[in-house]
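So the chains spell out like this:
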Amino acid sequence: MTMAKPKIASVWLEACAGCHMSFLDIDERIVDLLGKVELTATPITDIKTFPEVEVGVIEGALGNEEELHLAKELRERCKILIAWGDCAVFGGINCMRNFLPAGQVLKEGYVDTVSTVNPDGVLPRQDLPALLPQAIPVDRAVKVDVYVPGCPPDADTIYYVFSEILEGRIPTVPTDIMRYD
Amino acid sequence: MSDITLVIDGVECRAAKGDSILQVARRNDIYIPTLCWMEGLTPIGSCRMCVVEAEGNPKLLTACTTPAENGMKVHTKTDKLKQYRLQILELLFAGRNHFCMFCSQTGDCELQRLAIEHGMDKVRYPFLYEPFHNDATDPNIQLDHNRCILCLRCIRVCAEKVGAHTLDLEKRGWGTNVTADLGKMLGESDTCVSCGACAQVCPTGTITLRDFVYRGRRNDCDDQVESICPLCSLGCRIKAYVRTGSVARVEGLSANSPDGGQLCHRGRWGLPKSTERDRLKAPMIRTGSSFREASWEEVLNLIASKLGTASKANRAGALLSELSTDEELSVVSSFFRDTMKMEKVDGFYGNLLRGFVKGFQPFADQGVRPFTGAHNILGSDAIVVIGADPQEEAPVAASYIRVSTIIERAKLINLSAGKNPFDGITDADIRAALGGEMEKALISLRVAVEGGDEPEDPGMKEAARILREARKPVFVIGSGLAEHPALVTEALNLAVASKAFFDDGLGAVPMLRGGNCLGALNTVIGESDWLSESELDFLYVLSTGMVDEDKRSLEAMTRARFVVVHTPFMVHPLVNMADVLLPAPAWFERSGHYCTLEGERRRMNMIVPPKGNLKGLSVIMDELAGKLGLELQPASAAPCENVYEAKSPSAAARTVSLKEVL
Chain A
35 MTMAKPKIAS
45 VWLEACAGCH
55 MSFLDIDERI
65 VDLLGKVELT
75 ATPITDIKTF
85 PEVEVGVIEG
95 ALGNEEELHL
105 AKELRERCKI
115 LIAWGDCAVF
125 GGINCMRNFL
135 PAGQVLKEGY
145 VDTVSTVNPD
155 GVLPRQDLPA
165 LLPQAIPVDR
175 AVKVDVYVPG
185 CPPDADTIYY
195 VFSEILEGRI
205 PTVPTDIMRY
215 D
Chain B
1265 MSDITLVIDG
1275 VECRAAKGDS
1285 ILQVARRNDI
1295 YIPTLCWMEG
1305 LTPIGSCRMC
1315 VVEAEGNPKL
1325 LTACTTPAEN
1335 GMKVHTKTDK
1345 LKQYRLQILE
1355 LLFAGRNHFC
1365 MFCSQTGDCE
1375 LQRLAIEHGM
1385 DKVRYPFLYE
1395 PFHNDATDPN
1405 IQLDHNRCIL
1415 CLRCIRVCAE
1425 KVGAHTLDLE
1435 KRGWGTNVTA
1445 DLGKMLGESD
1455 TCVSCGACAQ
1465 VCPTGTITLR
1475 DFVYRGRRND
1485 CDDQVESICP
1495 LCSLGCRIKA
1505 YVRTGSVARV
1515 EGLSANSPDG
1525 GQLCHRGRWG
1535 LPKSTERDRL
1545 KAPMIRTGSS
1555 FREASWEEVL
1565 NLIASKLGTA
1575 SKANRAGALL
1585 SELSTDEELS
1595 VVSSFFRDTM
1605 KMEKVDGFYG
1615 NLLRGFVKGF
1625 QPFADQGVRP
1635 FTGAHNILGS
1645 DAIVVIGADP
1655 QEEAPVAASY
1665 IRVSTIIERA
1675 KLINLSAGKN
1685 PFDGITDADI
1695 RAALGGEMEK
1705 ALISLRVAVE
1715 GGDEPEDPGM
1725 KEAARILREA
1735 RKPVFVIGSG
1745 LAEHPALVTE
1755 ALNLAVASKA
1765 FFDDGLGAVP
1775 MLRGGNCLGA
1785 LNTVIGESDW
1795 LSESELDFLY
1805 VLSTGMVDED
1815 KRSLEAMTRA
1825 RFVVVHTPFM
1835 VHPLVNMADV
1845 LLPAPAWFER
1855 SGHYCTLEGE
1865 RRRMNMIVPP
1875 KGNLKGLSVI
1885 MDELAGKLGL
1895 ELQPASAAPC
1905 ENVYEAKSPS
1915 AAARTVSLKE
1925 VL
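Chains as they are written, first to last, in the working numbering: chain A, 35 to 215; chain B, 1265 to 1926.
Just chain B, same shape as in the assembly (with noise of 0.2 Å):
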């Protein structure tokens, strides 16, 4: 890389063609003040902060958008460019309400840190006191423009990591402004996704999250966390925010990760939220219509018993949260199948994955994993979406397509029985039910692609014809297909026809719901959905209670005889259906992996330590087994990284004759 040399205040650094100033310094340690650049956006130069002289140049320089040239010697702290850089300061504080008394992010502010690090103790400039308006219509994001300097942070993450393209700026000059939708209020925006990833960018208090406000400032917390989001298989990262105890704010992590360090609504706030919730702290034993605490001796005496005559007329059921941790699912897998040897043990989502699993078989069979990572979505130049509502399923790979689509200027393909979730940027819509006709449609179009007859329907037409230009198309897989897995593997089959091929396995990338679908796969899930038939005598639920239960599970509880809930939150419908309520470690109190669809196993790190009567889920487990006279056995299941490892090429995938394998 290092093909150039320049001199940066004195030391010698070595850089790449096309590094800018700033980048080298940064790599070199030299600290040059910025503001309106951010890792990961494009940089505008816009604040001027950055301005540093070079040698010869009688022009002040934007460090973040000049590159560094060969033979450059540049100066970054200059008298000269302290006090322009004062002056910008005092300009952007003169310009709008930057009064820190009154503004909720004082503390938090990068404005204020730079002002202070630059020793502005007065402002030389009019105030202007020009008043601004403070859109308050969005029911979870503050906009008030009082507070802005224009650095274009929000606007770049909305176009380029989110790729919604809601904020744009409005009017000239000293009227300029943040705008949403071409001139609507943030709260009336159609196509502002409520991620939030602008007020997680904001450098002062111009877009601001309510709930966060009130819970803490980043500088009133007292540590900070990286762990992950369970909600969705992507498993974002996440740094979350501890005040007194408590999760007060989670934030995406790296702007240098795909992802650009976004979270999608559901993590941004559906994770602080849960922490509102009401725990349940100690076991309880129900009587009547309500409960009663008991002593852990107790419940595990009371459900020993249950579990053991009901497994031995094999009616004893498991029924897990794919929200639990590799660690987790491991050791309950490792009691019900391995040790009380039952069969009845499935995951909430069992369909989904059992229709998964049987699509994918036939790719799986030949060696090839049958999926990639989520995050190749970017860099493809083609995308096919079936059947599939990403910002429903897995908001984060929304942005992906998006990005990908608007951005990069990859074709977008949708496919589905109803409403395109992407309309607008698609270049072929097709409307196919889902069900044979759906698989009418993939074939017609991998016969197309691999050269055979052409469809006759235009948007076929052009969707043939964009993937046999395509070098790296992408297929994304609704989880609505799970219920035809002919649907699954003829998808995958054309991704084999396209020739979607990436280093770690087919172009494909299913909508698998939970945290740890994959992890669950080999573990946990059952051959067949026992849960829809069974007449139960005893069924033990895992639940992370961050995820509604669906109706086949509820009504599973509503007929098993006695019910064993393990979960950490009372307010919850299955919390009705329980016999016995075992408190459980909240998402935010366990640590474990996750394998994500992102294509890593990632770590779930305990953010603050659990509070109450608590027994970590193998002591359980273990004792259980100890009151039915067993020895908890290893786990038979394999780890999840092997579930579909790559043994052969994903080239080396051919198609499959769905006649032939369903």
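Same shape as in the complex, but just chain A (with noise of 0.2 Å):
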């Protein structure tokens, strides 16, 4: 009897996408990558619910309560959770707002802004989640495993801690190719 395949689930929060792209740039290892593991909901894949997984991987900080729900969510159905480069390690360039209440940072972006048309003055009610008072790294709400600095981190880095997971072991990231930027 072959044993499944481990399954992953990545998602992508308050982020800008690019740990995902950096993903991507391991290139072909992605194939030898996909014989190993199962991927099942992930921005790449576009599924959007998380079933049980081995390993759950978070892009982004936490900044409203939508990602807050979907860190928890994740959190409980994965084994083994991932924070995935600079704004799930540290909260990143979403942190630039933290210095700021959250009622001036709403009101700078849809209502002060010079390019922003909107007379009456109206901000998002229930049609978007609401904002968090900060945006806040993922392990200031959820237990964290393993954290992969970088903006982003480099694709080696991302297939070496994948192989590591893989191998049964709980990766740290080697310093030499540990960066922040």
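If you are wondering where the hints come from, they were derived from the structure by calculation, not from laboratory data.
Computed from a predicted structure; not experimentally measured.
Note that CB positions come from ideal geometry on N, CA and C, so glycine has one too.
Only true hints are included.
To give an idea of the interface, some chain B residues facing chain A are shown, with a C-beta separation under 10 Å as derived from the structure:
hint, residue
1, Phe-1363
2, Met-1365
3, Cys-1373
4, Lys-1386
Think about it this way: if two alpha-carbon atoms lie no more than 30 Å apart in a straight line, the pair counts; the simulated DSSO-like pairs of lysine-lysine are:
hint, chain 1, residue 1, chain 2, residue 2
5, A, Lys-177, B, Lys-1386
6, A, Lys-106, B, Lys-1386
7, A, Lys-177, B, Lys-1344
8, B, Lys-1386, A, Lys-113
Combine the two chains into a complex, taking the hints into account.
Take a look at the structure:
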């Protein structure tokens, strides 16, 4: 009997998708990797609901209620959770707004910006998920098992992390391939 | 030096009493991470990255501030220390805005490098997100307090090396900030000399130089070349960063040299900015109001024919930049002086240098070198500034004066016609108009120092007292004194009377201006000021394009019938004066030697290879000689280091009577 391939689910939260792009930069190694794992819900497969998986991957910080919900949901359905990229690990560029109160951030984005036409000053309510008071790194909401900083992490780093997990180890990124930019 | 022995990480190390653990470790190639520590600056042990354990001592010790002791057993790499260091880094990252992805210094940042080195893949502490202000008031220097880790390197370099004391700390605890002038924005500071040393030493993205942020980070650069700054007579050592064939930034070189690796505003910004200017890429000949490109053969033929006729009628001249290297000055001098036998050869600073030479002569005749290395201002106990504005004439010398006065407690005497350039830190300030009045003041001071009549003026009286008590005074002589050679001689007389004797010469630092003025002295500087009077048929001008031409030179060019301008840059007033333009390599494309006021012959290195249709100076001179049927003669001028060779010790110097010599 052959063992079922380990399942991976990934999600792109408050971030730019750069980490997923960097994942695709592993080039032809992706064929080898897909022989060993099954991609389930990911931005690449465009499947939206998480099944029970071995490995969950979060790209991006948590900035609103929906992202917080998704992070908690993926945490519940995976065994190993990876915080992928600077936004997930440290909060990254989303933290720029943390230096201002959330209300001011919304007003700036929806009303005050020169290019915005919003004479009545309408702010998003039920139609968009509510903003958290601050954008937070993933580990402020749920337990994270593997941290992969980098903006984005290099394809080699991503491949290394997956290879290690497939070997049954919980990796830490070696200093010679770690980066924050 | 080895009077104590200690063991660091199992390695037996010898050290001198007073060495810090860090110094001993570095000498023995044992790595201890540091952040606030910087070579050349006072160690303060504030960042605590360098903590080490010593057996028998329950406390952690900062290696940078703890003196090594005999028999000490030090450990630098224990798990406990690694944990502490990681914690320190995490706390620093949590404290302010240290998100690398939107910082201009990512990749150049020492905080980032250390965090990666320590495997910091997360921050376990809550981020504070406390907003600090971003001081963008200075046109060149940006000070973003959100990126600051309070290592105080900027404050220390500003105080200890530049002597400006612009930066300091304000507030307490989490709110502590670097501030300028007791609470001003940097752009409003009265004391900042805009040298950019603070940005050079900043380990993070707090203090950045706008120009360099966009021209490229250090880690974007392909190459680093050591050279020197040609802009003033100190010839500060620089490190130029090259990116895609262009000079992206320059920095001072060595924290261990007397200048502490600082540069002045001119070197820091003037040098890289000059690379953006329009270049002269090929020889050009004037046609009416514009120029047409020509072949070297055509222009050299034209120059040879004009020069041949003009020199026969003694109506040919050559004017050279003192920013040229010894080698360039030598080859041009060998052509015009030794091959063409022309007398009308001079430098842009000809009058200034002739004035100094005349004033120096009586002392040179005694076999005494009439000046000393500018760095000797540091370590002197009394400084006399005579008609000088060092911040304008040689800014790093002004740093020496400030540091010596403020930190080393030297006395400062200013003698000037106008404003005191060191207002606020001067012990005696004397007003005397340049000329007879200043001569009288200098003589009266000398008489008082020699034990004669005391002057009545309280400033003069105090100055005389300071000089009588001084062991190693230094006299900074302004370029304005060159108009009155008697004043130069009298200033040196005062130096002799005050026993300002240094190993390399008399304790005087003349503000000579151009980078290689000492080299130009005996190669190109003429006997007299022919430039102001002459009606010339031919004038050759060698310019580096880095210093604006003075009125006297521009007027001479206007009067001359045929002007050949040999220069690297196109946008320049003197280009308008030219009949023929010859392209020259720019400062970053040349190599050669400079005789600097620091008392060293320093090498200027080619930073990037020259582009365009250039010809070497010696090839041009050789071909011109050939076209005139002559053979290029070897230069008769002695190398610059022989110009004021010290044949007798400076202590043998005696004062001279002005009537005798001038």
